[in-house]
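Hey, can you work out the whole structure from these sequences and the hints?
Chains as they are written, first to last, in numbering that gives the first Met the number 0: chain A, 0 to 288; chain B, 0 to 288; chain C, 0 to 288; chain D, 0 to 288.
Check each hint, because a few of them may be wrong.
Examples of chain C residues toward chain A, derived with CB under 10 Å [said to hold, decoys possible]:
no. : residue
1   : E124
2   : E125
3   : I132
4   : K165
5   : Y185
6   : D187
7   : W190
8   : Y194
9   : I277
10  : N284
These aren't lab readings, by the way, just hints derived from the structure by calculation.
Every residue, glycine too, gets a C-beta built ideally from N, C-alpha and C.
4 protein chains.
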Amino acid sequence: MPDKTAFAVIGGDLRQAYLAGLLAKDGFDVRAAGFDRDAELPDTVTKVSSAREAVGGASCIVLPLPYTLDGATVNAPFSRAPVPLEDVWTNAGKNSLVTGGRLSQSVYDKADEYGFRAADYYKREELTVLNAIPTAEGAVQIAMEELPVTIHGSRMLEAGFGRIAKMHCRDLSALGADVICCARKYSDLAWIKAYGCRPAAFASLPGELPGCAAVFNTVPALVFDEKTLSRLDRGCLLIDLASKPGGVDLEAAGRLGVRAIWALSLPGKVAPMTSGAIIRDTILNMIDG
Amino acid sequence: MPDKTAFAVIGGDLRQAYLAGLLAKDGFDVRAAGFDRDAELPDTVTKVSSAREAVGGASCIVLPLPYTLDGATVNAPFSRAPVPLEDVWTNAGKNSLVTGGRLSQSVYDKADEYGFRAADYYKREELTVLNAIPTAEGAVQIAMEELPVTIHGSRMLEAGFGRIAKMHCRDLSALGADVICCARKYSDLAWIKAYGCRPAAFASLPGELPGCAAVFNTVPALVFDEKTLSRLDRGCLLIDLASKPGGVDLEAAGRLGVRAIWALSLPGKVAPMTSGAIIRDTILNMIDG
Amino acid sequence: MPDKTAFAVIGGDLRQAYLAGLLAKDGFDVRAAGFDRDAELPDTVTKVSSAREAVGGASCIVLPLPYTLDGATVNAPFSRAPVPLEDVWTNAGKNSLVTGGRLSQSVYDKADEYGFRAADYYKREELTVLNAIPTAEGAVQIAMEELPVTIHGSRMLEAGFGRIAKMHCRDLSALGADVICCARKYSDLAWIKAYGCRPAAFASLPGELPGCAAVFNTVPALVFDEKTLSRLDRGCLLIDLASKPGGVDLEAAGRLGVRAIWALSLPGKVAPMTSGAIIRDTILNMIDG
Amino acid sequence: MPDKTAFAVIGGDLRQAYLAGLLAKDGFDVRAAGFDRDAELPDTVTKVSSAREAVGGASCIVLPLPYTLDGATVNAPFSRAPVPLEDVWTNAGKNSLVTGGRLSQSVYDKADEYGFRAADYYKREELTVLNAIPTAEGAVQIAMEELPVTIHGSRMLEAGFGRIAKMHCRDLSALGADVICCARKYSDLAWIKAYGCRPAAFASLPGELPGCAAVFNTVPALVFDEKTLSRLDRGCLLIDLASKPGGVDLEAAGRLGVRAIWALSLPGKVAPMTSGAIIRDTILNMIDG
Numbered sequence: 000m001p002d003k004t005a006f007a008v009i010g011g012d013l014r015q016a017y018l019a020g021l022l023a024k025d026g027f028d029v030r031a032a033g034f035d036r037d038a039e040l041p042d043t044v045t046k047v048s049s050a051r052e053a054v055g056g057a058s059c060i061v062l063p064l065p066y067t068l069d070g071a072t073v074n075a076p077f078s079r080a081p082v083p084l085e086d087v088w089t090n091a092g093k094n095s096l097v098t099g100g101r102l103s104q105s106v107y108d109k110a111d112e113y114g115f116r117a118a119d120y121y122k123r124e125e126l127t128v129l130n131a132i133p134t135a136e137g138a139v140q141i142a143m144e145e146l147p148v149t150i151h152g153s154r155m156l157e158a159g160f161g162r163i164a165k166m167h168c169r170d171l172s173a174l175g176a177d178v179i180c181c182a183r184k185y186s187d188l189a190w191i192k193a194y195g196c197r198p199a200a201f202a203s204l205p206g207e208l209p210g211c212a213a214v215f216n217t218v219p220a221l222v223f224d225e226k227t228l229s230r231l232d233r234g235c236l237l238i239d240l241a242s243k244p245g246g247v248d249l250e251a252a253g254r255l256g257v258r259a260i261w262a263l264s265l266p267g268k269v270a271p272m273t274s275g276a277i278i279r280d281t282i283l284n285m286i287d288g
Numbered sequence: 000m001p002d003k004t005a006f007a008v009i010g011g012d013l014r015q016a017y018l019a020g021l022l023a024k025d026g027f028d029v030r031a032a033g034f035d036r037d038a039e040l041p042d043t044v045t046k047v048s049s050a051r052e053a054v055g056g057a058s059c060i061v062l063p064l065p066y067t068l069d070g071a072t073v074n075a076p077f078s079r080a081p082v083p084l085e086d087v088w089t090n091a092g093k094n095s096l097v098t099g100g101r102l103s104q105s106v107y108d109k110a111d112e113y114g115f116r117a118a119d120y121y122k123r124e125e126l127t128v129l130n131a132i133p134t135a136e137g138a139v140q141i142a143m144e145e146l147p148v149t150i151h152g153s154r155m156l157e158a159g160f161g162r163i164a165k166m167h168c169r170d171l172s173a174l175g176a177d178v179i180c181c182a183r184k185y186s187d188l189a190w191i192k193a194y195g196c197r198p199a200a201f202a203s204l205p206g207e208l209p210g211c212a213a214v215f216n217t218v219p220a221l222v223f224d225e226k227t228l229s230r231l232d233r234g235c236l237l238i239d240l241a242s243k244p245g246g247v248d249l250e251a252a253g254r255l256g257v258r259a260i261w262a263l264s265l266p267g268k269v270a271p272m273t274s275g276a277i278i279r280d281t282i283l284n285m286i287d288g
Numbered sequence: 000m001p002d003k004t005a006f007a008v009i010g011g012d013l014r015q016a017y018l019a020g021l022l023a024k025d026g027f028d029v030r031a032a033g034f035d036r037d038a039e040l041p042d043t044v045t046k047v048s049s050a051r052e053a054v055g056g057a058s059c060i061v062l063p064l065p066y067t068l069d070g071a072t073v074n075a076p077f078s079r080a081p082v083p084l085e086d087v088w089t090n091a092g093k094n095s096l097v098t099g100g101r102l103s104q105s106v107y108d109k110a111d112e113y114g115f116r117a118a119d120y121y122k123r124e125e126l127t128v129l130n131a132i133p134t135a136e137g138a139v140q141i142a143m144e145e146l147p148v149t150i151h152g153s154r155m156l157e158a159g160f161g162r163i164a165k166m167h168c169r170d171l172s173a174l175g176a177d178v179i180c181c182a183r184k185y186s187d188l189a190w191i192k193a194y195g196c197r198p199a200a201f202a203s204l205p206g207e208l209p210g211c212a213a214v215f216n217t218v219p220a221l222v223f224d225e226k227t228l229s230r231l232d233r234g235c236l237l238i239d240l241a242s243k244p245g246g247v248d249l250e251a252a253g254r255l256g257v258r259a260i261w262a263l264s265l266p267g268k269v270a271p272m273t274s275g276a277i278i279r280d281t282i283l284n285m286i287d288g
Numbered sequence: 000m001p002d003k004t005a006f007a008v009i010g011g012d013l014r015q016a017y018l019a020g021l022l023a024k025d026g027f028d029v030r031a032a033g034f035d036r037d038a039e040l041p042d043t044v045t046k047v048s049s050a051r052e053a054v055g056g057a058s059c060i061v062l063p064l065p066y067t068l069d070g071a072t073v074n075a076p077f078s079r080a081p082v083p084l085e086d087v088w089t090n091a092g093k094n095s096l097v098t099g100g101r102l103s104q105s106v107y108d109k110a111d112e113y114g115f116r117a118a119d120y121y122k123r124e125e126l127t128v129l130n131a132i133p134t135a136e137g138a139v140q141i142a143m144e145e146l147p148v149t150i151h152g153s154r155m156l157e158a159g160f161g162r163i164a165k166m167h168c169r170d171l172s173a174l175g176a177d178v179i180c181c182a183r184k185y186s187d188l189a190w191i192k193a194y195g196c197r198p199a200a201f202a203s204l205p206g207e208l209p210g211c212a213a214v215f216n217t218v219p220a221l222v223f224d225e226k227t228l229s230r231l232d233r234g235c236l237l238i239d240l241a242s243k244p245g246g247v248d249l250e251a252a253g254r255l256g257v258r259a260i261w262a263l264s265l266p267g268k269v270a271p272m273t274s275g276a277i278i279r280d281t282i283l284n285m286i287d288g
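In structure tokens form, the structure reads like this:
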């Protein structure tokens, strides 16, 4: 990594504020713009008043996740004034790295036009893996808050065995739950067994629901339709961790009186400092190689 | 256990409501009094309008934890009308068992006077052990709610190694925290090591505080005085799980800007159904032998 | 699965003997050939004297792992007389399934010629995953046997993070070891951290070796060359779990006085009954879907 | 601890040899006698040829566990010549500490007579706790060696819930076994549940035996009599970890064809270096306070 890397952190929520502080703690020169309100930026970060001022001379420009909500300005909830994306593009140095989350094609086009490099940290596999940690903890927290029983000693079912489910099954088991995990692939069922949970084929999911205190979905497809929902015990909590379109027919859940919670974007909500650290680590990996 | 055991559940909060339902589910005849509001008593429990009606003919009369707040009436937050303790004493059958939490000497005196047996389930070791499970989970929940970081990967310190600390250290470790536990006795330090946490002598506690994201006290004596509190990192969360008088100088904590939370009576708050099940199990043990 | 599935189990070691017994316990009709010596076949398995007799009428013919050592006869260490492969091919019924481990192309050719179906259970992902369980336990057993220290409290390093390493790191951590795992990919390093071990980049492996009581290699490439071997503490145990060509320069290890053990084919050696059950499960998956 | 503590290590097996080396590594002046054969004493330990030479001037004299087998000489299996206890007593300095394992009353009498202090490290609770770690691992090792199945996925029963059982249940669970633990006290059954195993009352032990791959006894009283032994599955392994008189009718086990192993004194056998470290830690605690 170049010794002299200077970072510009532009906009974002608490995650980006923490990220700026962590980079400064690592010894980098960090300038931040778009943090007028609330956010606690430590004194080690140089707070500047415009994106232009922050970006100029920076080796790496860090945009938030997602980098924009409107296509024209940086997603900067802590900024009083809008921060135009154009101010970033036009001030980014030649060969500087502009990185953000969920970058659209237009950013790569701007990179070609202005001569900077663009990269999406949200596409990095290590970030997705590490984000499963706060997501899983967030789902545990919601279950603790909502259930009248402890996780310990309760039967819980997880639908799917992707990254989030892997971490979440681990957390639930570790806390003493009796965890059933449903997956389609034989190799996933083998892993579920290897990791000490009880595997069940997807076809047998409805039959496994009675007796469960909580059920967690991680599959972004309609797993919990009305018929399946009707198999849940009264009082069973259903938490959907799947990204859009989700896996629960929420309307049917309402009709049936099923307590269903669609928990999206947990990392930034339940652990903004950890989320900031994950983005920081990922960006340093990107710079490193 | 006598086949014909009939239970009277008199007063209490959600825990006792769940307890009544669980006993009914076990096949016992259960009558409940003191639940006019809120509480969800299942249909399998016979709801009666007075303690007298519930108590008459019952082999076992279950009072809440604590059984009274004023010395004259049953602790019955869900009851519109006060439930006089005297109604229980005078209607309890000869040799019936009256059990409750934190019974005072006067209850044993009444037992002698009226010919029933009195026993305090809160004095049973198995209840205290099992209550450590919801207490520990409650402490995890608070830490998850209050901290901007995940439990996973955070350094946490536990003061004391009694029942609650044993469970809580286990939960924190299981979730991936780096757990230091301070104890006085060499044998406790040996157990801490055996269970996979890092042991530290009490004398070295202040030196272990820097770097901790959260600190938990379980010792009911002033461990966290002003000098010790001043060693905590800014932003470190301090949760006191010790019963009165607690182990934290809360006034000094306020002065120093330390976020300190005194979390008492967690089982009934965070997991009333599990707490009811624990009381139920304990009472059945008492009857059994 | 067809109700009437009849199995023929031909040759193999203890694993196949257990497998035959497990299939019989599942209620299938099982005939076994090639088990004259040692092997304990339960009475529920019909022992026949020739492959021809076993194979005729069977829906599924199970060959060992590997199915042959010489290309002409079934790998049948418990059989006094050689069992010609040709006896299997010529007697296998039309559309019957012939399955074995490490089938060569010639088996598929025979399948086309004689009209049976051929499938290699050793190529199934779930078998490879499940085999990681006995392999990891076998590696723990060897470490326990060879080391003068407990796993608990010892520092151990794992090179690689494939299936075997995942299970083995889990076992070592669970027993209380301080586990460092070296991997190349950032996403693997993220998983190592998520699963509670300490990740280290491959480049820093040599520097992590001092202080380790045991080191385990799972990478089938020369990781432990003379220079790297020279970094091991005196008395450090090196166990190579990688398939050929292995990852340790054994000659250099000998010169340097490093205790190095190349532990191959552990499942059949340390847990033949579990290995038989894994093959059984895999074959039933193959028939099922 | 006094800076100038000099240690004399007299006799013993590998544990004491390692202990001497560890004390030297801690920076203490260590003289050792009674190690002529086999034992690897590092160069940092001063090897002397007589107890007299080692003991003179030492602040702390360390005898083995047990300190003697015949009442007249030090238990010194690595010494060619006998090492008379009298040589220790008469040369121990005033106020020096003589410590050993299982000291008889006569040692305390000699202490009074000659003016040294005597203390038995084997009576220290922390040593007993820490010794449960190698004992539990040793029991795991034996089970791995003897069973044709993996610990993972096997049902195992533990009788008793003392120190060894606590550690051993933890190890078995951690490796993925389905662990049932039988205890008498309700509070122990509560702990078993809290720690994630399945509790069973002692009275129901015989009924829990079928289906177990291995059974471990830790109760030093006849738990496994002929009738109970007859409930074990064929092939079930029975390991008795209880000190004399043990808990298994070995004669009946032989008659019934039950594989029973009485595993005594595991720490010194399976992990002599860890055992030496445990004795070292305990002695330092004794000196410290």
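Here is how each hint holds up against the structure:
1. Annotation: E124 (chain C) was flagged as interfacial toward chain A, and the flag holds, the nearest CB pair being 4 Å apart, inside 10 Å.
2. Below 10 Å, beta-carbon pairs count as interface contacts, and E125 (chain C) has one with chain A at about 4 Å; its hint therefore holds.
3. Of the supplied interface hints, the one on I132 (chain C) holds, with its beta-carbon coming within about 6 Å of a beta-carbon of chain A, less than 10 Å.
4. Taken as an interface hint, K165 (chain C) checks out: its beta carbon lies about 8 Å from the nearest beta carbon of chain A, inside 10 Å.
5. Given the 10 Å rule on beta carbons, the hint for Y185 (chain C) holds: about 4 Å separates it from the nearest Cβ of chain A.
6. Proximity of D187 (chain C) to chain A holds as hinted, the smallest CB-CB distance being about 9 Å (cut-off 10 Å).
7. A distance limit of 10 Å between C-beta atoms decides the matter here; for W190 (chain C) the minimum to chain A is near 6 Å, and the interface restraint holds.
8. Because the beta carbon of Y194 (chain C) sits about 8 Å from the nearest beta carbon in chain A, less than 10 Å, this interface hint is met.
9. Taking 10 Å as the C-beta contact cut-off toward chain A, the hint placing I277 (chain C) at the interface holds, the least distance being around 9 Å.
10. Because the smallest distance between the Cβ of N284 (chain C) and any Cβ of chain A comes to about 5 Å, under 10 Å, the interface hint for this residue holds.
Figure legend: structure checked against the earlier numbered hints; every hint is met.
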